[in-house]
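Undergrad: Build out the structure end to end from the sequences listed, making use of the hints.
Number of protein chains: 2
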Amino acid sequence: MKFEAIAVENIPLIHTGDNLPSIICKNLELQDRDIVIVASTVVAKAEGEIFRLEDITPGKIALEMASRNGKDARFIQAVLSRSREVLVEKPFMLVTTLAGHTCVNAGVDESNIEDGFLLYPPVNPDASASRLGQELEKLSGKKLSVIVTDTNGRAFKIGQTGAAIGIYKIKPVKHWIGEKDLFGKVLEVTEEAVADELAGAANLLMGEGAGGTPVVVIRGFDYYCGEKTFIKEMYRPEEMDVIKKGLRCLQKKLNKKLN
Amino acid sequence: MKFEAIAVENIPLIHTGDNLPSIICKNLELQDRDIVIVASTVVAKAEGEIFRLEDITPGKIALEMASRNGKDARFIQAVLSRSREVLVEKPFMLVTTLAGHTCVNAGVDESNIEDGFLLYPPVNPDASASRLGQELEKLSGKKLSVIVTDTNGRAFKIGQTGAAIGIYKIKPVKHWIGEKDLFGKVLEVTEEAVADELAGAANLLMGEGAGGTPVVVIRGFDYYCGEKTFIKEMYRPEEMDVIKKGLRCLQKKLNKKLN
Numbered sequence: 001m002k003f004e005a006i007a008v009e010n011i012p013l014i015h016t017g018d019n020l021p022s023i024i025c026k027n028l029e030l031q032d033r034d035i036v037i038v039a040s041t042v043v044a045k046a047e048g049e050i051f052r053l054e055d056i057t058p059g060k061i062a063l064e065m066a067s068r069n070g071k072d073a074r075f076i077q078a079v080l081s082r083s084r085e086v087l088v089e090k091p092f093m094l095v096t097t098l099a100g101h102t103c104v105n106a107g108v109d110e111s112n113i114e115d116g117f118l119l120y121p122p123v124n125p126d127a128s129a130s131r132l133g134q135e136l137e138k139l140s141g142k143k144l145s146v147i148v149t150d151t152n153g154r155a156f157k158i159g160q161t162g163a164a165i166g167i168y169k170i171k172p173v174k175h176w177i178g179e180k181d182l183f184g185k186v187l188e189v190t191e192e193a194v195a196d197e198l199a200g201a202a203n204l205l206m207g208e209g210a211g212g213t214p215v216v217v218i219r220g221f222d223y224y225c226g227e228k229t230f231i232k233e234m235y236r237p238e239e240m241d242v243i244k245k246g247l248r249c250l251q252k253k254l255n256k257k258l259n
Numbered sequence: 001m002k003f004e005a006i007a008v009e010n011i012p013l014i015h016t017g018d019n020l021p022s023i024i025c026k027n028l029e030l031q032d033r034d035i036v037i038v039a040s041t042v043v044a045k046a047e048g049e050i051f052r053l054e055d056i057t058p059g060k061i062a063l064e065m066a067s068r069n070g071k072d073a074r075f076i077q078a079v080l081s082r083s084r085e086v087l088v089e090k091p092f093m094l095v096t097t098l099a100g101h102t103c104v105n106a107g108v109d110e111s112n113i114e115d116g117f118l119l120y121p122p123v124n125p126d127a128s129a130s131r132l133g134q135e136l137e138k139l140s141g142k143k144l145s146v147i148v149t150d151t152n153g154r155a156f157k158i159g160q161t162g163a164a165i166g167i168y169k170i171k172p173v174k175h176w177i178g179e180k181d182l183f184g185k186v187l188e189v190t191e192e193a194v195a196d197e198l199a200g201a202a203n204l205l206m207g208e209g210a211g212g213t214p215v216v217v218i219r220g221f222d223y224y225c226g227e228k229t230f231i232k233e234m235y236r237p238e239e240m241d242v243i244k245k246g247l248r249c250l251q252k253k254l255n256k257k258l259n
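Keeping their order, the protein sequence lines are chains A and B.
Counting from 1, one number per residue, gives the positions in the first sequence under full-length UniProt numbering.
Counting from 1, one number per residue, gives the positions in the second sequence under full-length UniProt numbering.
Rather than coming from a laboratory, the hints here were simulated on the basis of the structure.
Hints may be right or wrong, so weigh each one.
No copy is singled out in the list; a pair is fine if it fits within one copy or between any two copies.
For lysine-lysine, the following PhoX-like pairs were computed, each having C-alpha atoms within a straight-line distance of at most 20 Å [claimed, not checked]: (1) 257 <-> 245; (2) 228 <-> 142; (3) 90 <-> 245; (4) 257 <-> 232; (5) 26 <-> 2; (6) 256 <-> 245.
TA: Given below as structure tokens:
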């Protein structure tokens, strides 16, 4: 049992309107059941999710936050416009995005983009993954899965890892429910975050810097799924999220001190 | 640029005193700069970290917690004996272990072990990784890295991923400090949790159930490091850990309600 992770070489700098699926297919011959993993930065660029910082007018909340945490109010406004809840304001903004993903700055990025511009993550990452997947399948004639990834920090630990934020024809979580362990007992550990493990494996080859390779193919790991799948299946329901409850508790305490 | 993840087949059920390095070398010919990734369960079994539930006498704190969360007080005692702090008591025990790793139940496991027994994680996972690595290097004559892994849940998301808990001759975090992005700006995102991404990649082939393959080799990803390395480098310093602060805030509030 083995699989390969293959960086797709020679991907040029991506601009609005570029045909990513065609660029990918030109640089690697895809095979049946390949998992094509694409960094959200190039997806966002191809989709034109680029905004000029000076075109953003910060609202009241953004201005208040900026006075507290010293960040550019326009950048804060960009983050807020993609967020449904701010869990941490300072020293970094940890938010839950409109799509339900909890991450720093809602994925809004000042790196790998011209000065004075911001790169927004795809509005609906599953839809982006589907468009890529359908086009890649058409061009290659193969059955494929797609994962759109970002890099995220983690609780308790230093360092970011690749994380799945949008998927096509792959289940985000593998359920072991009812399966038995080596001694015939029903397993307690029942869910494996396969899409995130794949995103992390791909990120090992992607890099963050100027030598970045934003597309990686995982070959030989058979996890193709014919049905429509949704990344939100991986997001913990609010009522079960003890860490969010903790962060709200802390935020409340800080707000009391401020008032 | 590519790498392979290869499951080492034919690893038998492991018992106390078994020579893991020799078993691994018999089943796969290792190559220079391979990264050998071993599930902590088999490391713990080989090291004899197996305890009988009925031999554990719960102390006062374990008995109090058991009355609150309905778990076996002996199991709680087992978790407490490996923990330096309990961050969440209920509905699951989230603790920071003596080694500094924050995880559920301190990694104490009732799965994949005979009924009535508990499997403790290795006391010093870096030392376990070093012993494995040195012996593997001696047997194979190759330069190798080793990662001992567990599977852990994550904040905000459903599903577990493989995580590094002990390392040998591999850096846990890659620092991009000072490196430039595609547009020549110094990168803001500066740390990649390489050891955890590798552990996750390996976990894709390990499985949790009866068909488990506890050893996976990553080949072709050149990240060998000649120096001594420590997993604690990846643990976020207490004063910077906003999520721990949040969980303590919540715990305090719950304690107030109880009193």
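Undergrad: None of the hints should be skipped; say for each whether it holds.
TA: Okay, the hints, checked on the actual structure:
1. 257 <-> 245: Both. Shortest intra-copy (19 Å) and inter-copy (16 Å) distances satisfy the 20 Å Cα cut-off.
2. 228 <-> 142: within (17 Å within a copy, 46 Å between copies)
3. 90 <-> 245: Classified as both; 17 Å inside a copy, 13 Å across copies.
4. 257 <-> 232: Answer is neither: 35 Å inside a copy and 34 Å across each miss the 20 Å cutoff.
5. 26 <-> 2: Answer is between: at 18 Å across copies they meet the 20 Å cutoff, but 26 Å inside does not.
6. 256 <-> 245: both (17 Å within a copy, 16 Å between copies)
In summary, the one numbered hint that this structure violates is 4.
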